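> Let the sequences and hints guide you as you build the complete structure.
Protein chains: 4
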Amino acid sequence: MKTVDEYLDSLRRLDLKVWMFGERVANHVDHPVIRPSVNAVARTYELASDERYAGLMTACSSLNGEKVNRFTHLHQGLDDLVQKVKMQRLLGQKTAACFQRCVGLDALNALDSVTCEMDQKLGTGYHARFRDYVRHVQENDLVVNGAMTDPKGDRGLRPHQQRDPDLYLRVVSRKADGIVVRGAKAHQTGALNSHEVCVMPTMTMSEADRDWAVSFAVPADTPGIVYVYGRQSGDTRKLEQSPMDVGNALYGGHEALVIFEDVFVPWERVFMCGEWEFSGLLVERFAAYHRQSYGGCKVGVGDVLIGAAAQTADYNGTARASAVREKLVEMVHLNETLYACGIACSSQGHPTASGTWMVDLLLANVCKQNVTRFPYEIARLAEDIAGGLMVTMPSEKDFRHPEIGPYIEKYLQGAGVAPTEHRLRMLRLIENLTLGCAAVGYRTESLHGAGSPQAQRVVIARQADLEAKKKLARVIAGIEAEE
Amino acid sequence: MKTVDEYLDSLRRLDLKVWMFGERVANHVDHPVIRPSVNAVARTYELASDERYAGLMTACSSLNGEKVNRFTHLHQGLDDLVQKVKMQRLLGQKTAACFQRCVGLDALNALDSVTCEMDQKLGTGYHARFRDYVRHVQENDLVVNGAMTDPKGDRGLRPHQQRDPDLYLRVVSRKADGIVVRGAKAHQTGALNSHEVCVMPTMTMSEADRDWAVSFAVPADTPGIVYVYGRQSGDTRKLEQSPMDVGNALYGGHEALVIFEDVFVPWERVFMCGEWEFSGLLVERFAAYHRQSYGGCKVGVGDVLIGAAAQTADYNGTARASAVREKLVEMVHLNETLYACGIACSSQGHPTASGTWMVDLLLANVCKQNVTRFPYEIARLAEDIAGGLMVTMPSEKDFRHPEIGPYIEKYLQGAGVAPTEHRLRMLRLIENLTLGCAAVGYRTESLHGAGSPQAQRVVIARQADLEAKKKLARVIAGIEAEE
Amino acid sequence: MKTVDEYLDSLRRLDLKVWMFGERVANHVDHPVIRPSVNAVARTYELASDERYAGLMTACSSLNGEKVNRFTHLHQGLDDLVQKVKMQRLLGQKTAACFQRCVGLDALNALDSVTCEMDQKLGTGYHARFRDYVRHVQENDLVVNGAMTDPKGDRGLRPHQQRDPDLYLRVVSRKADGIVVRGAKAHQTGALNSHEVCVMPTMTMSEADRDWAVSFAVPADTPGIVYVYGRQSGDTRKLEQSPMDVGNALYGGHEALVIFEDVFVPWERVFMCGEWEFSGLLVERFAAYHRQSYGGCKVGVGDVLIGAAAQTADYNGTARASAVREKLVEMVHLNETLYACGIACSSQGHPTASGTWMVDLLLANVCKQNVTRFPYEIARLAEDIAGGLMVTMPSEKDFRHPEIGPYIEKYLQGAGVAPTEHRLRMLRLIENLTLGCAAVGYRTESLHGAGSPQAQRVVIARQADLEAKKKLARVIAGIEAEE
Amino acid sequence: MKTVDEYLDSLRRLDLKVWMFGERVANHVDHPVIRPSVNAVARTYELASDERYAGLMTACSSLNGEKVNRFTHLHQGLDDLVQKVKMQRLLGQKTAACFQRCVGLDALNALDSVTCEMDQKLGTGYHARFRDYVRHVQENDLVVNGAMTDPKGDRGLRPHQQRDPDLYLRVVSRKADGIVVRGAKAHQTGALNSHEVCVMPTMTMSEADRDWAVSFAVPADTPGIVYVYGRQSGDTRKLEQSPMDVGNALYGGHEALVIFEDVFVPWERVFMCGEWEFSGLLVERFAAYHRQSYGGCKVGVGDVLIGAAAQTADYNGTARASAVREKLVEMVHLNETLYACGIACSSQGHPTASGTWMVDLLLANVCKQNVTRFPYEIARLAEDIAGGLMVTMPSEKDFRHPEIGPYIEKYLQGAGVAPTEHRLRMLRLIENLTLGCAAVGYRTESLHGAGSPQAQRVVIARQADLEAKKKLARVIAGIEAEE
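Which chain is which? The protein sequence lines are A, B, C and D, in order. To convert, note that position 49 of the first sequence is 32 in the working numbering; the numbers rise steadily by one, no gaps. To convert, note that position 220 of the second sequence is 203 in the working numbering; the numbers rise steadily by one, no gaps. To convert, note that position 252 of the third sequence is 235 in the working numbering; the numbers rise steadily by one, no gaps. To convert, note that position 228 of the fourth sequence is 211 in the working numbering; the numbers rise steadily by one, no gaps.
No wet-lab data here; the hints were simulated from the structure. Careful: at least some of the hints might be erroneous.
Here are the simulated distance ranges between beta carbons [said to hold, decoys possible]:
hint, chain 1, residue 1, chain 2, residue 2, range
1, C, Ala111, A, Ala444, 50 to 58 Å
2, A, Gly60, D, Arg445, 56 to 64 Å
3, D, His333, C, Asp115, 53 to 61 Å
4, A, Glu465, C, Thr107, 57 to 65 Å
5, B, Ala191, A, Gly60, 51 to 59 Å
6, C, Asp(-2), B, Pro389, 16 to 24 Å
List of simulated lysine to any residue pairs, SDA-like, C-alpha gap at most 20 Å [stated by the list, open to error]:
hint, chain 1, residue 1, chain 2, residue 2
7, B, Lys454, A, Phe4
8, D, Lys393, A, Phe4
9, C, Lys380, C, Thr403
To spell it out: a stretch of chain B is covered by chain C in this simulated footprint if at least three of its residues, at any positions, have a beta carbon under 8 Å from a beta carbon of chain C; those stretches are [said to hold, decoys possible]:
hint, segment
10, 109 to 123
11, 295 to 306
As the structure is a computational prediction, the values presented were derived from the model and not from experiment. For every residue, glycine included, the Cβ atom is placed at its ideal position computed from N, Cα and C.
Structure follows, in structure tokens:
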């Protein structure tokens, strides 16, 4: 396993083509806008080497018997599934941000079972080469960007119907040694901190969409790949050298548009190429793992937000007000409901043909559906407890200024002995999580990450087994006999 | 284990003093108002002898190694905790009612660990005699009424402050061979179907409330015990010989006020007598188990209600309307969220000193808190899908009448080939669950059973560890260093 | 205007064919199951002659300049629209039930403008004869049952597509002196207390449904009309002579299935006959008035339920608990939000071609949409404050029994000096409103009366003017110039 | 009335001491961060001179009979109260931001009746001098910053108990010609665009807080007043010359901390000085007017957000999906419910002793309570419809760059013929309203402006008249006779 320094060095050695604010970014790893995001991923390395968290952060590889970072592990049982959620909650607590490494983990696990079942059904040979790839990832302790979401153009049309066929990433040519692909993947969380990008189709493909049913992995700096940084609310505060105003000065997340301009992929890294019948299964499995993930990571971030609200109530002198206490209880209740869903879908998992364990599909989707709702209410309650000062307080530069600073110090002091600065820092953290950079992760990603709300509802409808429930009702109503 | 007939015979042999509608009820087991409730309990016996459900419904006793009904079992691990919830969901599905046997199960498990820890701390000798009692229950496959809730009089006063000391059940005298108790237990679910009543204190007692800190078990027909049936909405429809109008003709639940008029309890059945310091722990443990239970039983009833709504949509010809489909998805989503909480608090349990396993306290309370909300919304959605006919349709007697019946047959027909009667039956089932007898179980019991909403919030507040969360926030905000 | 006695006498003189519980009911006005419903309507007469309420309960007729009961009045301005809502809130407070006379009021007002506009457009002569009818209603102070909802059979089919054409009420023959109609109207609130029945089509008819586009009025005892009482949860408690158990011993509501078996209607009482193009407008207008109504009547019932919850908190000794106080505030907040919607749609009304005033269509639908939600939450909160005793307490017959009664008196006493009986009475009132007869009015009718939730959403969608809103957004986004 | 240019000139002539980002801002009116906020206020001048809006935007002064901007008008009847709400909705639609002039309007109206009643009760002479001030405001068409909220320090302590007495603004000395005040007002919306600041106490003062019971008005550039700009999420995007990225390039709002460092106020501008008994009434009246306001302005902003979501659905090709349509209906429903509350509390107003009309207190608080909830849900639904691209799309500088721009143009195109730029602009507008500068106005201000949620609940509790409601319930329950 890599140390944090090794991770940073390995990232710096990659030659990524990154665009931000209309410019090519040379050393993106150390760019102040991106660095907090690198730091968040770095904690997945740091905690893995911390004895206190070793049980959670590492696992024994099913492929080589070595200790590996759990973020590269294929789940071997219920315990692995549950530990994954707990690891994610821990990292959410430690970073108060999206730490970006789950999507690769979920991609690896989904591809593992699907390539195996595809081979069994179609006689293809993807599984062995995919396992080689997982070995490579584990042995080099790599960060993999699991890339699923295409830009999609007109949502009412299928890939082959789009006026520009590249609106879904596709195979443009097949060669002896590999394939050439073109297209883009949008909303790529953590793309700039990853060693590898592992592409999957974004939805169930029909036969006519055969060329869009493609999955593969390549190094992140493969020629033809271009990254465009996605703006976040308040992103440029990181450039101001006002760490207070940033709210969370150390950690963050980012999203990027990743463009594939005729990228060559050697066959040994191709995991699906035209097998459209398995595209739906791959999406369903990946989505289920990733919907499980949100029952861990967002809960950890929620812990920080709840803590920030409770701490602010102390600073405001309102901690004993019954209305404030009730709101904190409600935040905890909602947050733990998400956790319960994350744990439940893990503990009810089952093995797949490849030996890798899968979460409970229905409960994982129920988990994510709640994640599309509760963080918004938790955020609203945090803003309620925080008070209006969160969005009306002066900048750190004013606070530090010898002339105007003392007035701010005087007038924005709170209850008790804590310095005004602590109160302001805590409010900026809440702002960061509800309106700033981290709101992108805590709110929007909770809504759309791993599939928008309606995507979960489609799976819930399919998994609900309404026919069996109708039968139960008919028996009780005296219409049919019980069997 | 008893067969259903043996269960019924054993109940008939008990000489209970039961009052209902202003009269002493002679053969209460066969009284048409009570019988559906007996039938619901009977299914816990029937399914235990059904091979298809043996794994769920039975367990290997930790006390004698015999196969016992799981409703009498002391949980020996996480699997037992999870299986309990699944058993409860199954029975909810099979009865669409409260099947009343959980409260005894939860009382036995709570008392097991608390008597053990009390003995360890105080040097008392309750645990061995309690284990004898559990053996008795297991060997005779008994139904135990776990009796916790006192009438409480003025909620703002403690037991010893009430103007009538009997408003909380208490020890009135201690004798060589036992104790004499007086008081009452209210809202006793399934009291009339139980062989035994096992009493526990209703809340944390202070030293001044020492005489009220009492726990014991006696046969249900012990002299001095009187039962008064609690009325339910629509209870007397069961007397009309109109099974359609009842909605659920076979199954139901009931509650009773149980009065203890100077009842003698021999020492070998006394499990707490004055140890007020342990009253709170006993309440907490019992409540936690019982709050877990609701993540199973109410989910099973919810399955039937969802099925009834979906079936009614078929009868109404609205099943394909997107608004109806979305409502069904929402019902399933809410119901499965409850299940996720039931599963999660079980899978995160831990062993206690006695070897019996305990659920996760925080998650069990989160589970029940959701149960105080979601069944109400599920019921509202069911009523929405059902349509107004649910509360405006004529009686079965009108439907069967040769003169007016044909008009009802003609005008209340629905879509498709199902006879009008099926549609009416299904609507009566929904009425039963949302407004009728079963609404007492599905709505009010979901709200108040195992503790009213505020009771869970108190535990959630205590278990939230806000200090740790504040610390997380201070670290992220740059106020404190990480440890 | 009639006195209460005159109203009762006039009802008794009607020869209605009423079926209930499989029997023809001879003197239905004095039948204990129906009488509370008659009493509720009677209050609309009583309060009209009470000086304290004269301004609210009466109006000056636009037709003859006489003082008339407001329930027969054609709205002549914004003030009339607002007063209507306040009158309805008052009656809800005085009866805690549906007082059943609004539907006729709303039918008269809707038909007034539609017959006028229909005549203007099509050259028909309905308006003058309709005005004659309104004069008749006003001068005789009649209760009119506004009958709109057909049984509908398969909801996915139009009237002329149903396998039985009578599933929507229709004209079966046209004669020189009138028409003959056949069919039924379901969910007819207050049908048994009405002097007249005024029929309207239930939805927008297409040209092929021409024979189903029919509106007329006839006396309630016109030959061929048959009434079948709709069962309510707990209806037969009214037969037990246990007024406590009824909860609301004096008032109630009822619904009936009204069958029209080849009923003859003279032309002077026909207000639409084949003009399918105006069926949609009539439904829209009637529905809007009736959706406004719910912003008054249900608020009044809500006031009683809030009062009952607050009073129970006093009896329970929990009135000062902050959680209880917050719940009461929430109940008030939700209830007043409904009232605000009722007032707003009234105060934003406008005149129609006939001079009768119409409510704001969008806001009236918004009003009713909220009514499909908030009473359910208010009821849940009431049940929360009430506690479980509401559904577990013994019958009045037990309470009155010399042997068991004293135990109930002793053990179910609450805080303070109020007798136990008061506490039990108040809990039975809450049961009545949340699970019993009145729940049909407060819950189900709130959901489905004046159209089920989706019906309002269709109107809201149509009235939302999304195109104008998109334009606003495009201007702000810099895509288009402002006009 | 002033033209827009006259307004801008008059602002530029003020010599405000403004701090922002650690610097004194020289020409703050033209500073790119503040200018959008000035523009929003300017529209209150522009629309007043637009014939299409004259009825809404202007009124006939009750003081001098001249036509005045409605933002300076004392309400003379129900129509004025209703027109105010409609004017606010219009301006919300035209600016998609807080236009900042309501707080002064509400302060003037509240002070008008309170100074009148104070004079009547205490024999003071404030009302005449206050009316002079209103005349000054009307004749010069001034923007008044109504300044109420003090920093408050420890919320658990009263003003005189704070360790620093200046944490609530107070009188530090009384002189022959006036008073000297010290303290600060926080969260001052629109402070930098105002000609005047009108100070009021922030809460009910006790006798010991007499020196803090002070109200007055002074020109915004009075010596001793210092302004510190409050940072907003994404504020510095306005400095980037990337209008697309700003989302709403023309309009915005701002908040400031306003410090009063021993400011002299002549007696003719003092409206309360020590009359602590009237502090509570002033707060209640101001708050009620301001809570009414939110039923107008936030509804107008909501219209833009709904329009933006609907337009985005068109661009995304999802407008016909039933789930999307239902979400738009829900947004409209919630938004119109807020409007209904704004209209209702206006239409139920009443005259005060001074002749100025007051809104209905209970309904105004109900209005604001809903505003603390629904905009958050509307925002969540907008984010849902928008999709993740809202927070992952590249900067305008990337979009405009000749090398990377074409890729963005290609891959982020949507459905139909609209250029990619339109789609991106619309998404940036949604970002602005949900996460950016305007979210401060649309979310946080909705929560805390005019009082945090708990403040409304206190008034609702006081206005609920629970005793009358209990009485209603006792009558229905048969406990008491009706009066």
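> Given the range 53 to 61 Å, decide if the beta-carbon distance of histidine 333 of chain D to aspartate 115 of chain C lies inside it.
Given a distance of about 41 Å, which is not inside 53 to 61 Å, the answer is violated.
> Would you say the C-beta atoms of glycine 60 of chain A and arginine 445 of chain D sit inside 56 to 64 Å of each other?
Holds: the Cβ-Cβ distance is about 59 Å, inside 56 to 64 Å.
> Holds or violated: lysine 454 of chain B and phenylalanine 4 of chain A, Cα atoms, limit 20 Å.
violated (36 Å)
> Can the restraint linking lysine 380 of chain C and threonine 403 of chain C be considered satisfied, given a maximum Cα separation of 20 Å?
holds (15 Å)
> Verify this for me: three or more residues of the segment 295 to 306 of chain B with a beta carbon less than 8 Å from a beta carbon of chain C.
holds (count 6)
> When you take the CB atoms of aspartate -2 of chain C and proline 389 of chain B, is the distance between them in 16 to 24 Å?
holds (22 Å)
> Hint check: lysine 393 of chain D vs phenylalanine 4 of chain A, CA-CA at most 20 Å. Holds or violated?
holds (18 Å)
> If you count the residues of the segment 109 to 123 of chain B with a beta-carbon closer than 8 Å to a beta-carbon of chain C, do you get 3 or more?
violated (count 0)
> Can you let me know if the beta-carbon spacing of glutamate 465 of chain A and threonine 107 of chain C is within 57 to 65 Å?
Because 59 Å falls inside the window, the suggested range holds.
> With 51 to 59 Å as the target window, see if alanine 191 of chain B and glycine 60 of chain A comply at their CB atoms.
holds (52 Å)
> With respect to the beta-carbon atoms only, verify the hint that alanine 111 of chain C and alanine 444 of chain A lie 50 to 58 Å apart.
holds (55 Å)
Checked against the numbered hints above, the structure violates hints 3, 7, 10; every other hint is satisfied.
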